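Take a look at the letters that make up each chain.
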Amino acid sequence: MSRVLMHDVLAWVLVASTAACATVERPVAVPIAEVASEGAEPEAGPSTITTTALQALPKGYTLDERGRRMRVAFDPGNRFRVHAGWHGSVGRDFAEVENALELGFGVQLASECEGHEAQCWKLSHDVLETQVRPGGAGGRHVALTSTLIRGRYVRFARHPSVTLPTSPPLTLPIPFHIGGQFSVGGAQLFPQLDASNVSLEVFRGDLLLEFLRRPTRHRSLILGIGFRYVLDLAGDGSSVRTGHTLAPFTAMSAEFHMESGDGLNLLEISADFAPMWRDMGGWQNWYSVGLQLERVVAAVNDLPIRGFVAGRYGTRYLPFGIGGAQEGFEVLAGLSWSLVE
Amino acid sequence: MTRSLFATCVAGLWIGFSGGVLAVERPVMTWDDPIECVDDGAGRFMRLQCTQKEGRKVCLTSGRFVLGDDGKESEAYMEDLRSCGKVQPWERLEELKKEGWQFSEALAEAPEGFARDESGRLFQVTFDLRNRFHLGAYWNPLLDSDGEELGRTQFDFGWRAYELGYSRKERDNYRGIEGRVALEPLEFSFLAFGYDSNVNSDEPVFWVTTFIGPPTRWDVSARLGWGIRTLKVDYHPMRSKSVEFENVALYGSWDIAHNSSMANYFRLAAGFAVGQLFNEVVGVNSEGAEEASVETRVYLDPLVMLGGEFELDDAGLHHLGLNLAGSARLMFDDFSSALWVAKAALTYEWVVLAVNDQPVSVYVEASGQYREDLPDVPQKYEARGLLGLRFSFWAPPQPGGE
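Chains as they are written, first to last, in our numbering: chain V, 48 to 388; chain U, 5 to 406.
Keep in mind the hints are simulated off the structure, nothing from the lab.
There may be inaccurate statements among the hints.
[As the list claims (entries may be wrong)] One-sided and incomplete, this derived list gives chain U residues near chain V with beta-carbon spacing under 10 angstroms: (1) 77; (2) 221; (3) 230.
[Claimed, not checked] Which stretches of chain V does chain U cover? Using the computed rule of at least three CB atoms under 8 angstroms from a CB of chain U, they are: (4) 105-119; (5) 347-356.
Note that the structure is predicted; figures quoted are calculated from it, not measured.
No residue lacks a Cβ here, since even glycine has one placed at the ideal position from N, Cα and C.
Construct all of the structure, not just a fragment, from the sequences and the given hints.
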């Protein structure tokens, strides 16, 4: 008996190790002629950069004519980036343009479906998205916008449907995927006010409908409706004044996202409309439309530098209704560099 | 003095243009292919270098003695011949003829950097001027804030050497005992020792891929080095009454471009220097009489240098140099404002002849200075030229594999 058991164990070990060996991707020797950077002639010319060599490269890489490896595809959904740019804002009357330098950073993490799965989750997170504009109000104040975490979860289904609990159950096909989105820990400082005035977006949650139904996240068209709660705080040294702003499932949003397969280009168009209730001022309608374009212009050590332009027109949020509901344009143009991507 | 120097320069140029005595089209035995010799034991001796190229079997032949003025072999051996691999009897020539080898009289082989004339005399034809000691004499006209001085004479001397490190990845450059003396009025400068280094890296420090147009990769290599300069004296710079003593200068450098041996380079360097400026100050003593005294000011120079050296030909006969340096001089007794010191020099050196294989070159320099630190003439500028001859000693042939 024990001999049989021993035999079985050995057989399993053998099978397991053989299977493991069969699935290991062994490094492939690539016959690439590396040459000196001073322009010396390569020992073997471009003809040695064979199809085999290109195939041996990781996905998203290629070889130049001197055999040097370089990355030519990127993933803007997974990156830690810093950015710097010019921020300009102007009121609806275009009376005075306010210019500022904007610095920022943030982490984006995303996953997508493999494509062969019938159902899976498409996840994306933005962590510590932060923008700082020093020098507001004649250099005295700082404008800051930061969000601790924002998560978006969309359920991909090859054949999306809703099942009604009838007898027998009735399955109705639907033309969209269903998902959800939340963000917590938003904070905002305003250039018009000092740091004792802060606006906290305590929580935002949305129900999402995604209409393009791709397993990847390179293209999406999302409509959402949700809840939003903002807490305004103002301290005068001895007491703290509070203000509450609420969108009770009245915050509607639309977003179209498109990026090229190699991640070099990205386009995002968004629109928001939210009737909001404020404890000082009652109901107000907030809205905005925005456009964002990104393009990889260079990469340093295979880490991409993107040029970007973002524009937004809509309501500007100010705590306690300072100055009433203001409308205006905002433009941000600059460069971002992914330290990890 | 000036006139005689000028005449010397013209003579040198004429000799350089005339090209010497050579230019005879004869095959030359190579240094690397084997040599065999035949000897009849009765005084006849022939050196052979047999090679088969493109189906032709050719034996180049030469003797081993220098030819005399009468065209016959003298008793003097040719210098630096390679030794014979084999010495065989004279009958070997007949065997070679039977095997189909053809014989052609040739010039004997010469080591790298040398050539032989028709008589078999050896002479150096390439020069590594970065390994030498030199003496020079020049005509030195200048124009400065005080006026012009066209009849000046200048002499200079200096030593420099370098060492290529393992795998030619590092290069150490040394210079020292370097001085210039200008007469009427007396002005001199002297540098005791200078060192700088370069590193040639195979791996780029970083690379940039551009995505405007087809993706293109640009490597930025580590061409970093450093340098030091110590004990430098300038006596009456720019015809002032000051003496400048630089204790030490330290700097880091980046070769924007250089060739594989790092001998030709274009470099950006930045660092600092510390020294003293001794100024002659004329004051009035307690008795009302004028009295000269020396004021000592200690300075710190944050300095930036941009320049390079370029050999314009493989033989090392033409050299071009460029040096731009600037510093915002800070005086320790008054740190509030900087005094600008800027220098620029463009040099060209051309080896026109060699005496006993020691090269003689024409040297031309155009330079300029602007200084705010000299008290007798604040905001002083100067432009000067140098034209003369340099006599270099112990300059070896150019190293191979450049």
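How the hints compare with the structure:
no.	hint	verdict
1	77	violated (44 angstroms)
2	221	holds (4 angstroms)
3	230	violated (21 angstroms)
4	105-119	holds (count 6)
5	347-356	holds (count 3)
In summary, the numbered hints that this structure violates are 1, 3.
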